[in-house]
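Peer 1: Starting from the structure of chain A, add chain B where the hints point.
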Amino acid sequence: MIKIVLKIVNYGEKIKMISRKKKGQMKTKKLKTSKSKILTVPEISKSKKISKISSFHLSRKSKGQMKIQQMAFMLMAVTLFFVLAGIFILIVKFSGLKESASELEERNAMLLVTKLANSPEFACGSAFGSTRINCVDLDKVMMLKENIAKYKGFWSVSNIEIRKIYPKLEGDINCNLGNYNECNLIRIYDTLVTGYDMSTFISLCRKDSFEGETYDKCELAIISASYEEK
Amino acid sequence: MNKRGYLQISFAWLFAIVVGAVILFLAIFAATKLINTEQTTQDAKIGKEISILLNPLETSFETGKTTSLTLPVETRIYNKCKTNELFGKQGILISQKSFGKWTDTNIEIEFVNKYLFSENYVEGEKFYLFSKPFDLPFKITDLIYITSYSKKYCFINAPEPIKNEILALNQGNFLISDCPDGATRVCFSGGSNCDIEVNYNMSYVKKDGATLYFVDDSLMYAAILSDKNIYECEVKRIMQRAGNIAQLYKDKASFIARTGCNSNLNEELLTLSNTARNIKSSSELSSIRVLAEDIDDKNSFEDCKLW
Chain A
1 MIKIVLKIVN YGEKIKMISR KKKGQMKTKK LKTSKSKILT VPEISKSKKI SKISSFHLSR
61 KSKGQMKIQQ MAFMLMAVTL FFVLAGIFIL IVKFSGLKES ASELEERNAM LLVTKLANSP
121 EFACGSAFGS TRINCVDLDK VMMLKENIAK YKGFWSVSNI EIRKIYPKLE GDINCNLGNY
181 NECNLIRIYD TLVTGYDMST FISLCRKDSF EGETYDKCEL AIISASYEEK
Chain B
1 MNKRGYLQIS FAWLFAIVVG AVILFLAIFA ATKLINTEQT TQDAKIGKEI SILLNPLETS
61 FETGKTTSLT LPVETRIYNK CKTNELFGKQ GILISQKSFG KWTDTNIEIE FVNKYLFSEN
121 YVEGEKFYLF SKPFDLPFKI TDLIYITSYS KKYCFINAPE PIKNEILALN QGNFLISDCP
181 DGATRVCFSG GSNCDIEVNY NMSYVKKDGA TLYFVDDSLM YAAILSDKNI YECEVKRIMQ
241 RAGNIAQLYK DKASFIARTG CNSNLNEELL TLSNTARNIK SSSELSSIRV LAEDIDDKNS
301 FEDCKLW
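As they're listed, the protein sequences go chains A and B.
For the first sequence, counting from 1, position 215 maps to 215 in this note's numbering; every step adds exactly one.
For the second sequence, counting from 1, position 232 maps to 232 in this note's numbering; every step adds exactly one.
Hints in this document: simulated from the structure, not taken from any laboratory.
Note that the structure is a prediction, hence the values are computed from the model and not measured.
The beta-carbon is built from N, C-alpha and C at its ideal position, and this holds for glycine as well.
Be aware that one or more of the hints could be misleading.
[Said to hold, decoys possible] Distance ranges between label pairs, derived from CB positions: (1) A:GLY153 / B:ASN120: 51 to 59 Å; (2) A:LYS152 / B:GLY191: 41 to 49 Å; (3) A:ASP172 / B:GLY100: 53 to 61 Å; (4) A:LYS63 / B:ILE17: 15 to 23 Å.
Bound-form chain A, shown alone:
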């Protein structure tokens, strides 16, 4: 059942008609305009024949336009929804990726630091008597530090730090070739240590001399491998 609701008729002006498919009675609406009056379809037919024809065309046209507009808006909304949902998924996914990258960095630093003291660039080998594990040759490390540009990115950590803990010295004294007997901190790479680090205890040995006699001197130290959080 099709019922047409006539809205406003202004004399000498355009006619607007909105059609609706609805079950129920015809609805008539009166606007509070002095020059307005309510007409039914037969009355319109009698009074304004031309208006009837054009109103019919307008009705069909605006109906179609309205539908297309609705559909376009709907499609835009659906597209927008998918785009937003996609962005949300990507954000969640990539934040997870960052987390797992950081986890891997942490694990790398943890596993590396336990073995770093035994790697050839650090290890004492048999230079101080018998073969020792977790022993770092300070003389070799100082030479490594002097040539560190060659070893950039070699251990895949942001920095490696060796800190003497016994005998204890007040404050941080960076070691160089001049003071390396009386210092307590060796940063393998010159960059600042940022992010997180993993440490393990080592013995730090070097050749020293007393009254012309050479001897092996070993101290307690901590070796740390630091990594940046992604």
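Peer 2: Showing chain B alone in chain A's frame:
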């Protein structure tokens, strides 16, 4: 009138179908891309995990270490070796079986301080990894060997020390007797149907028509288990590192001289460093070994040992 109405509805439908199809296409395209990205991420993550898991294979006192690696799906581990830059680079590329197809990934996980010996790629769900230290004459690095659980190696007529070592490794795919069909036959002093021939006394391995030279057991295993290109590339990388470590010991010798700890190895270490850095192929290893043995003898008699 009906016809015009029909046309209007048709246009609306047409519009909806076109836009709907575009949305569907974009959604499918995005989903496919996302799946590919996810697979690539997974491959890269596994590659990185493997590279991290190689850290514990670093040896101290041990003559060898073994471990296994089990992955949830059928995986190919591609071994990529590069000799560029100062130390060269070790790369790992992972490809996993997904819906019956190997994922196509080009994300290579690279690291500098590891030396991995394997065929061009190893395939399977379970892998054996074992490592052995390499000294020349001081420790240079640990060589890491990757083999697939499914690929068996049969060592025929192996010398006693090698036999004992293989037994001690207890690696399921290394056999010294009862060779199954399809196993790679590694013959030491003669044998029939040999895939790989090892001349232990002359220090070379013959496989696929190529001769690979070695200087110790660690490089012998490397030659047996690797493709020629990978072996030669890794040998060059190891020698690049050996050259740098020799330089480090030379600098150390000068540095500790101020404590009265004199070493007369400066010249020899410099020669070793230069020779090692300029190595072209494994055939030059024997000359480096002679040099290394000479240096080792001298160091062992020093009051202040450098290593």
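Peer 1: Hints first: check each against the structure and report whether it holds.
Peer 2: Cross-check of the supplied hints:
no.: 1; hint: A:GLY153 / B:ASN120: 51 to 59 Å; verdict: 26 Å, violated
no.: 2; hint: A:LYS152 / B:GLY191: 41 to 49 Å; verdict: 48 Å, holds
no.: 3; hint: A:ASP172 / B:GLY100: 53 to 61 Å; verdict: 59 Å, holds
no.: 4; hint: A:LYS63 / B:ILE17: 15 to 23 Å; verdict: 20 Å, holds
Violated hint: 1 only; the structure is consistent with all others.
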